[in-house]
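**Student:** Those sequence lines, one after another, are chains B and E.
Be aware that the first sequence starts at 1, since it is given in our numbering, and climbs by one per residue.
Be aware that the second sequence starts at 1, since it is given in our numbering, and climbs by one per residue.
Possibly wrong hints are sitting among the right ones.
Now the in silico label distances, taken between C-beta atoms and shown as ranges [said to hold, decoys possible]:
(1) T53(E) with S82(B): 22 to 30 Å
(2) G16(B) with N56(E): 40 to 48 Å
(3) Y48(B) with F60(E): 41 to 49 Å
(4) F95(E) with S26(B): 26 to 34 Å
(5) K13(E) with S76(B): 25 to 33 Å
Please keep in mind that the hints were generated in silico from the structure rather than gathered at the bench.
Backbone N, C-alpha and C define an ideal beta-carbon position, used for all residues, glycine too.
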Amino acid sequence: GIQVEQSPPDLILQEGANSTLRCNFSDSVNNLQWFHQNPWGQLINLFYIPSGTKQNGRLSATTVATERYSLLYISSSQTTDSGVYFCAGGGSNYKLTFGKGTLLTMNP
Amino acid sequence: KAGVTQTPRYLIKTRGQQVTLSCSPISGHRSVSWYQQTPGQGLQFLFEYFSETQRNKGNFPGRFSGRQFSNSRSEMNVSTLELGDSALYLCASSFSGTGATDTQYFGPGTRLTVL
Chain B
1 GIQVEQSPPD
11 LILQEGANST
21 LRCNFSDSVN
31 NLQWFHQNPW
41 GQLINLFYIP
51 SGTKQNGRLS
61 ATTVATERYS
71 LLYISSSQTT
81 DSGVYFCAGG
91 GSNYKLTFGK
101 GTLLTMNP
Chain E
1 KAGVTQTPRY
11 LIKTRGQQVT
21 LSCSPISGHR
31 SVSWYQQTPG
41 QGLQFLFEYF
51 SETQRNKGNF
61 PGRFSGRQFS
71 NSRSEMNVST
81 LELGDSALYL
91 CASSFSGTGA
101 TDTQYFGPGT
111 RLTVL
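Go ahead and model the full structure; you've got the sequences and the hints to work with.
**Tutor:** Encoded structure:
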């Protein structure tokens with residue numbers, strides 16, 4: 001099955017800093033999503049981005065499908081950005097395979 | 001439009017018991033998937049249903065089962081609970097269920113503790 005590798009596993013940022021999270025896939029995927037897991041455990045959709053670039057406020061994402069990786073950019077970090085960021089990929093087998101996540105800790 | 005709902009939100013059981021968790025997808029969504037999240041194994045796929053048919057099952061023992069009803073609501077059941085079944089169980093729904101190519105929307109989860 002698909003293997004998903006996320007980096008870095010942990011990230012500590014000062015407010016206002018920018019960061020880049022990376023996700024590598026072992027095989028091609030038809031679905032690629034980025035999620036933010038809040039402290040209560042809910043996975044919040046950030047982007048559905050099997051290819052190309054999207055932006056939503058301070059967040060943007062780029063997926064280079066031919067090279068099997070995706071990047072999530074967080075600009076001007078705020079304390080509310082704390083939490084775990086997951087990427088997940090899916091093919092034609094009706095399931096998403098998740099990476100282990102990046103734990104983002106914000107220093108006020 | 002209401003999001004994915006899961007009940008109950010929290011559950012405490014003892015070893016050997018069984019448990020049933022419920023998931024109501026977003027209105028109009030016909031695909032429902034279940035995932036288990038633990039600190040050691042991360043997020044793992046349990047199974048996926050579309051129009052009452054299970055289309056894929058993850059690598060879990062037969063104690064884990066599920067079903068989907070005609071209104072797309074889904075339940076999962078775990079029998080003979082073990083301590084290792086303690087986890088956050090997440091349900092996701094999507095519109096057309098064409099592979100996993102649709103955006104998956106997750107519910108708030110059910111946190112199961114087995115004592």
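**Student:** Tell me if the beta carbons of K13(E) and S76(B) are separated by a distance inside 25 to 33 Å.
**Tutor:** At roughly 44 Å between Cβ atoms, S76(B) and K13(E) fall outside 25 to 33 Å, so the hint is violated.
**Student:** Given the hint of 22 to 30 Å, check if T53(E) and S82(B) actually sit that far apart at their C-beta atoms.
**Tutor:** Hint violated: Cβ distance 40 Å, outside 22 to 30 Å.
**Student:** Against the range 26 to 34 Å, how does the distance between the Cβ atoms of F95(E) and S26(B) compare: consistent or not?
**Tutor:** 27 Å, holds
**Student:** Could you see if the CB distance from Y48(B) to F60(E) stays within 41 to 49 Å?
**Tutor:** At 26 Å between Cβs, range violated.
**Student:** CB of G16(B) to CB of N56(E), is that within 40 to 48 Å?
**Tutor:** Given about 43 Å between the Cβ atoms, the range holds.
Hints 1, 3, 5 from the earlier list are contradicted by this structure; the remaining hints agree with it.
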